[in-house]
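Chains as they are written, first to last, in this note's numbering: chain A, 1 to 342; chain B, 1 to 342.
Hints in this document: simulated from the structure, not taken from any laboratory.
Accuracy of the hints is not assured; some may be wrong.
Copies of the same chain look alike in the list, so a pair counts if it fits in one copy or across any two.
[As the list claims (entries may be wrong)] Think about it this way: if two alpha-carbon atoms lie no more than 30 Å apart in a straight line, the pair counts; the simulated BS3-like pairs of lysine-lysine are:
id: 1; residue 1: 306; residue 2: 22
id: 2; residue 1: 306; residue 2: 255
id: 3; residue 1: 195; residue 2: 306
id: 4; residue 1: 247; residue 2: 148
All values reported here derive from a predicted model rather than from experimental measurement.
One-letter residues, chain by chain:
Number of protein chains: 2
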Amino acid sequence: MPELRRDPVVGRWVIIAAERAKRPQDFVGLAGVPENAGRSACPFCAGQEDQTPPEIMAYRPDDSAPDGPGWTLRVVPNKYPALQIEGDLDPRGEGIYDRMNGIGAHEVIIETPDHEATLATMPASELEAMLRAWVERMEDLERDTRFKYIQIFKNVGEAAGASLDHPHCQLIATPVVPKRISEEVAGARGYYEYKERCVFCDIVRQESEDGRRLVFADDVLVSAVPFAPRFPFETQILPRRHEASFKNVVEEEIKHLALHLHLLLEKINGLLDTPPYNLVLHTAPCGQDDLAHYHWHVEIIPKLAKVAGFEWGTGFYINPTIPEEVASDLRNYSPVETLRTY
Amino acid sequence: MPELRRDPVVGRWVIIAAERAKRPQDFVGLAGVPENAGRSACPFCAGQEDQTPPEIMAYRPDDSAPDGPGWTLRVVPNKYPALQIEGDLDPRGEGIYDRMNGIGAHEVIIETPDHEATLATMPASELEAMLRAWVERMEDLERDTRFKYIQIFKNVGEAAGASLDHPHCQLIATPVVPKRISEEVAGARGYYEYKERCVFCDIVRQESEDGRRLVFADDVLVSAVPFAPRFPFETQILPRRHEASFKNVVEEEIKHLALHLHLLLEKINGLLDTPPYNLVLHTAPCGQDDLAHYHWHVEIIPKLAKVAGFEWGTGFYINPTIPEEVASDLRNYSPVETLRTY
Numbered sequence: 001m002p003e004l005r006r007d008p009v010v011g012r013w014v015i016i017a018a019e020r021a022k023r024p025q026d027f028v029g030l031a032g033v034p035e036n037a038g039r040s041a042c043p044f045c046a047g048q049e050d051q052t053p054p055e056i057m058a059y060r061p062d063d064s065a066p067d068g069p070g071w072t073l074r075v076v077p078n079k080y081p082a083l084q085i086e087g088d089l090d091p092r093g094e095g096i097y098d099r100m101n102g103i104g105a106h107e108v109i110i111e112t113p114d115h116e117a118t119l120a121t122m123p124a125s126e127l128e129a130m131l132r133a134w135v136e137r138m139e140d141l142e143r144d145t146r147f148k149y150i151q152i153f154k155n156v157g158e159a160a161g162a163s164l165d166h167p168h169c170q171l172i173a174t175p176v177v178p179k180r181i182s183e184e185v186a187g188a189r190g191y192y193e194y195k196e197r198c199v200f201c202d203i204v205r206q207e208s209e210d211g212r213r214l215v216f217a218d219d220v221l222v223s224a225v226p227f228a229p230r231f232p233f234e235t236q237i238l239p240r241r242h243e244a245s246f247k248n249v250v251e252e253e254i255k256h257l258a259l260h261l262h263l264l265l266e267k268i269n270g271l272l273d274t275p276p277y278n279l280v281l282h283t284a285p286c287g288q289d290d291l292a293h294y295h296w297h298v299e300i301i302p303k304l305a306k307v308a309g310f311e312w313g314t315g316f317y318i319n320p321t322i323p324e325e326v327a328s329d330l331r332n333y334s335p336v337e338t339l340r341t342y
Numbered sequence: 001m002p003e004l005r006r007d008p009v010v011g012r013w014v015i016i017a018a019e020r021a022k023r024p025q026d027f028v029g030l031a032g033v034p035e036n037a038g039r040s041a042c043p044f045c046a047g048q049e050d051q052t053p054p055e056i057m058a059y060r061p062d063d064s065a066p067d068g069p070g071w072t073l074r075v076v077p078n079k080y081p082a083l084q085i086e087g088d089l090d091p092r093g094e095g096i097y098d099r100m101n102g103i104g105a106h107e108v109i110i111e112t113p114d115h116e117a118t119l120a121t122m123p124a125s126e127l128e129a130m131l132r133a134w135v136e137r138m139e140d141l142e143r144d145t146r147f148k149y150i151q152i153f154k155n156v157g158e159a160a161g162a163s164l165d166h167p168h169c170q171l172i173a174t175p176v177v178p179k180r181i182s183e184e185v186a187g188a189r190g191y192y193e194y195k196e197r198c199v200f201c202d203i204v205r206q207e208s209e210d211g212r213r214l215v216f217a218d219d220v221l222v223s224a225v226p227f228a229p230r231f232p233f234e235t236q237i238l239p240r241r242h243e244a245s246f247k248n249v250v251e252e253e254i255k256h257l258a259l260h261l262h263l264l265l266e267k268i269n270g271l272l273d274t275p276p277y278n279l280v281l282h283t284a285p286c287g288q289d290d291l292a293h294y295h296w297h298v299e300i301i302p303k304l305a306k307v308a309g310f311e312w313g314t315g316f317y318i319n320p321t322i323p324e325e326v327a328s329d330l331r332n333y334s335p336v337e338t339l340r341t342y
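Same shape as in the complex, but just chain A (with noise of 0.2 Å):
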């Protein structure tokens, strides 16, 4: 059973992965080569169905039967959870220390059949879909609750954490609310107790009108390289109708969002030469649908720079890259297919 520990200090928990629990030498020499064994071992590729638990849901054709081939879409619980869907949280204390039981939901959305796509490729079919199962699974696993948090998270390439190449999201629901969501939920608190107005619906309109760090903006989206990023080339995607929770987002913003992501992803991808990134969603905690002041977005961080001493010690990032130069990078970058004559 995994557990839950919470550092007595700054209050933040940690999962102890005991299902996973790896020894000392797990970590040494050939342990850090990724597990990818191309895509004739793929589980997630169809025809392997077998190789993953019982699917949770799945976008297939009405004939076609569950756990089998015939899908465009899968969502399976993942094989080595990090914490566990079964159980009761028992919050016990051990001295100073507190610590619960592990419990929650880890579940993979694989998000097409095919193995080589990326969301740089995938057609906007295959991206609406990846959206709308967010939402699908959001709206399914709110209804439990034990969950206060739904993350939903992307890792591509083995630097920014990808165990697999085959194209999937994560979703993982935690038992608490993530240290980072109530920071950011009280920080925009703080905010509109002090303007009366969304500090995400401010950035929106700051950056809309200022433009030196958007990237692509259209009547329903802004992707924009932040103010102040953290890591070079970080970008996030907001939408300009306020809406704390993804859950509620509507048919025209999934379009959008597909778009935005196609968009944003060959620009990295061409600009950085593909590198490993990671996709965040930040949304509402559950049974928070209607805050004011909470806004959900996506944050993409592609994985280029090293954290180091100085980061773990003060959470103050250097970022070796000019904000305002980096949006007029991507901006300006055009995919190469749009310059090829056929």
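Fit chain B to the known structure of chain A by using the hints.
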């Protein structure tokens, strides 16, 4: 001039390091290869003193001239500083955003002339000298009232952010108290207000009595795996005597800290095949030496795991090791040398 920018939601400051500014091509292909060009070209080796900016201080025989050989330890300004020493902060707004000039100090402490040395192999005298240099630089820089925090840290190995092999640590003095430090001090204050005891003193007490997470303890210091570590094989060293600032460390503590660093690194290197790591000193903000609730300590984080989307999104860490097992592995590991017969 580097610039400090504040995230409008969570209030985190970042350093936009214009002096180090990189272009997209700097992140592609060979740019990832470390700059280490071997001993002959090492700017930190004896005889290459003209490759660094003029020294701020050094431990050297009385008859040896500054910026020449003969030294046993040198402190020099970082040639590519993240922050600049001259100037005023000049804080200013820009719509909803805040920025100020990137004023601060960024120094390099060259621990020894021996290019091949490590904390695990350096003689006690050199380790102690390194720690005394930390104190001297803190005392000097804290006189500059523009500085609010002094972060001392060490990156070893390219994956941990080091760009040079020669043994060195770094110091960055920042003009704002970093977020992670404020959180730690605030968390410790909350505990103190409730219990009227220092949380770190309580950690020392509970770990000493419990013993399961201890790696090495003596009358002066405790080296232990934290109860809720973020990373595999993360360890911390805490002094038994309550003291907020490392600046006020006593000679006995320096001697014991040198020994603990040596032993811990010897065990970590042996067990994990000399992994990259970060070492971070946690100490009180400038001018807050008398905090009853804060307590300096040292953190060692071997670079074994990738930080991925879930961690960036939530600040929630998944640790695939069990702290009590890690402590037991470290406790039981005896360096190979002691087994040799010669």
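These are the hints, each one checked on the structure:
1. 306 / 22: both (23 Å within a copy, 14 Å between copies)
2. 306 / 255: Answer is neither: 34 Å inside a copy and 32 Å across each miss the 30 Å cutoff.
3. 195 / 306: For residue 195 and residue 306, the Cα distance exceeds 30 Å both inside one copy (37 Å) and across copies (39 Å).
4. 247 / 148: Only inside one copy: residue 247 and residue 148 sit 14 Å apart there, 42 Å across copies, limit 30 Å.
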